[in-house]
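Q: Here is how the chains run, residue by residue.
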Amino acid sequence: MKEFIDKVLQTSKVSALPIMTHPGIEALGKSVKDAVTNGQTHYEAIKYLSEKYNTIAATSIMDLTVEAEAFGAAVNLPENEIPTVTGRLVSTSEEVDALQVPSLAKGRVPQYLLANKLAADNIKDKPVFSGCIGPFSLAGRLYDMSEIMVAIYIEPDTILQLLQKCTDFLISYCQALKATGVAGVVMAEPAAGLLSNDDCLMYSTDFVKQVVDAVQDDDFTLILHNCGNTGQCTQAMIASGAKALHFGNAIDMKGVLAECPRDMIVLGNLDPVGVFKQGTPDSIKVAVEELLAKTAGYTNFVVSSGCDLPPHVPEENIAAFLQVVNG
Amino acid sequence: MEKLSECVEFGKINLASPYPPQMKGQPGADEITKDALDAGITPSDILNNALILAMNKVGQKYTENKIFVPQMLLSAKAMSASMNHLKPFFASGAVQRKGKFIVGTVFGDLHDIGKNLFSMMVEGAGWEVIDLGIDVKTEKFVETVQQNPGAVVGISALLTTTMVNMKPVIEAIKAVSPSTKVIVGGAPLSAEFATTIGADGYGKNPQEGIMWLDKISA
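Chains as they are written, first to last, in the numbering used here: chain Y, 1 to 327; chain F, 328 to 545.
If we strip away everything but chain Y, and leave its shape as in the complex, we get (with noise of 0.2 Å):
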């Protein structure tokens, strides 16, 4: 964590780390399904992008139906679309008392963490960090995401009892990417950008300091990714101990920038669809170097896109991307 940090404070350049692996499961020529559903595909992605751009580090696919299958959930998997939940696992506060902390084996959790040792074993020259949902994200999985943003006011003692049992599982997941050798793990936490500080504070950022402080030391870093905020709850976020904060494109990046504190890297926020996807080269260089200008000054901002780069982003404008920042 410590090197990472280091370099990225130490250096007057801004450096850029997309959020990206589906234009290197393409130009593999793989579909989505295999990259999520087999290790080795997903290895193979990560270290093309990783050989083919020149980024500050390499990262793993932002699947957040990993976990929830594992914990029973029936998934959707897609040939070539990202894959989802469906339905709902739990519904009660019996069901929540029933439900048992899953095993690392369960599921697909043994195929990401075989990408994730693979990467880490053969990317040498860059930090690489592994990919994970936070754990209001996933307990809305579990729950139903419309049911759970009542629930934390209806019954909240159940959420909360579900809460525990996510985090529980997403420690000993992030304990096991970390012994495979990675960086840090981006933890996506969208659902709750949906709340407001407090409410992020008491049903979020509580549960993800948990995960903070069984895993985060110099060798490892938590990126906490939440692009749902708008900027109404930055401090609950800052408030985890996540070492770095990634934020999506509905946020002022400046503002936020203003807000964390200058040892903390912050990383965002290109819009990963209207600049990256339906962009051109000539717009995405007007994008980039507008958000560099707001942002000069903060040695410690990293230029990303602000979700995980959707499938079907043309390669020239990750290369436009890359060419403005890097120079």
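Be aware that one or more of the hints could be misleading.
[Stated by the list, open to error] Residues of chain Y placed beyond 10 Å of chain F at every Cβ, according to the derived structure: (1) Q40; (2) Q164; (3) L195; (4) D199.
[As the list claims (entries may be wrong)] Once the Cα atoms are required to be at most 27 Å apart in a straight line, the calculated DSSO-like pairs of lysine-lysine come out as: (5) K414/F / K294/Y; (6) K427/F / K384/F; (7) K106/Y / K52/Y; (8) K13/Y / K294/Y; (9) K254/Y / K361/F; (10) K47/Y / K209/Y; (11) K464/F / K277/Y; (12) K209/Y / K13/Y; (13) K531/F / K277/Y; (14) K531/F / K254/Y; (15) K427/F / K414/F; (16) K254/Y / K393/F; (17) K33/Y / K414/F; (18) K494/F / K277/Y; (19) K285/Y / K542/F; (20) K494/F / K393/F; (21) K494/F / K33/Y; (22) K494/F / K542/F.
Since the hints were made in silico from the structure, they are not lab data.
Nothing here was measured: the structure is a model prediction, and the numbers come from that model.
Quick reminder that beta carbons are idealized off the backbone N, C-alpha and C, glycines included.
Given the coordinates of chain Y, work out where chain F should sit on it, guided by the hints.
A: Chain F alone, transformed into the frame defined by chain Y:
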């Protein structure tokens, strides 16, 4: 009316609901609506002078970041509890609504929080909502439009991979009913994208969508 409006604005669903804490143990929208009808207050008065006004305030507070998704959903649930008592009057024609709104998440997409939130707000704004659910096939949209002439259609998508499915749905709807208005919404969308796929409207947030609906129905 004032008490009912307050229940909806602050998300007090019924007597049993512990939310909001300051109204714990008090009757909610469910009981107050029943009492109001029993006392002879007309369903139109309840709809226009309590529910629509309250949901308008809720939408405004959400737009201004004064409340967030959970509070908005609780208000919508309180509104729905009240609306359940009014449904027989809608069916009999005793209460007129602004129009029909057909809504669904586009085929291939299983997400529903945005669609649910918006449809509840639209219902609270005085429209009859026909919710087709998630992963709605083009044929289902077309068939429902044909069964409900004059209805407005709303299509939702959360994924970049499914937002592109909106275009063929709109084309199919316009092919059978060129005058049908279609509004689209969802996190990855933009006003520009909505225009390129032939949508008539785009809702960045629920309140914007409702303002658009009110404008076209005026």
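Q: Hint by hint, say whether it matches the structure.
A: Verification of the hints:
no., hint, result
1, Q40, "24 Å, holds"
2, Q164, "20 Å, holds"
3, L195, "6 Å, violated"
4, D199, "7 Å, violated"
5, K414/F / K294/Y, "53 Å, violated"
6, K427/F / K384/F, "22 Å, holds"
7, K106/Y / K52/Y, "33 Å, violated"
8, K13/Y / K294/Y, "14 Å, holds"
9, K254/Y / K361/F, "51 Å, violated"
10, K47/Y / K209/Y, "31 Å, violated"
11, K464/F / K277/Y, "25 Å, holds"
12, K209/Y / K13/Y, "31 Å, violated"
13, K531/F / K277/Y, "19 Å, holds"
14, K531/F / K254/Y, "22 Å, holds"
15, K427/F / K414/F, "14 Å, holds"
16, K254/Y / K393/F, "22 Å, holds"
17, K33/Y / K414/F, "45 Å, violated"
18, K494/F / K277/Y, "17 Å, holds"
19, K285/Y / K542/F, "38 Å, violated"
20, K494/F / K393/F, "34 Å, violated"
21, K494/F / K33/Y, "25 Å, holds"
22, K494/F / K542/F, "23 Å, holds"
This entry does not satisfy hints 3, 4, 5, 7, 9, 10, 12, 17, 19, 20, going by the numbered hints stated previously.
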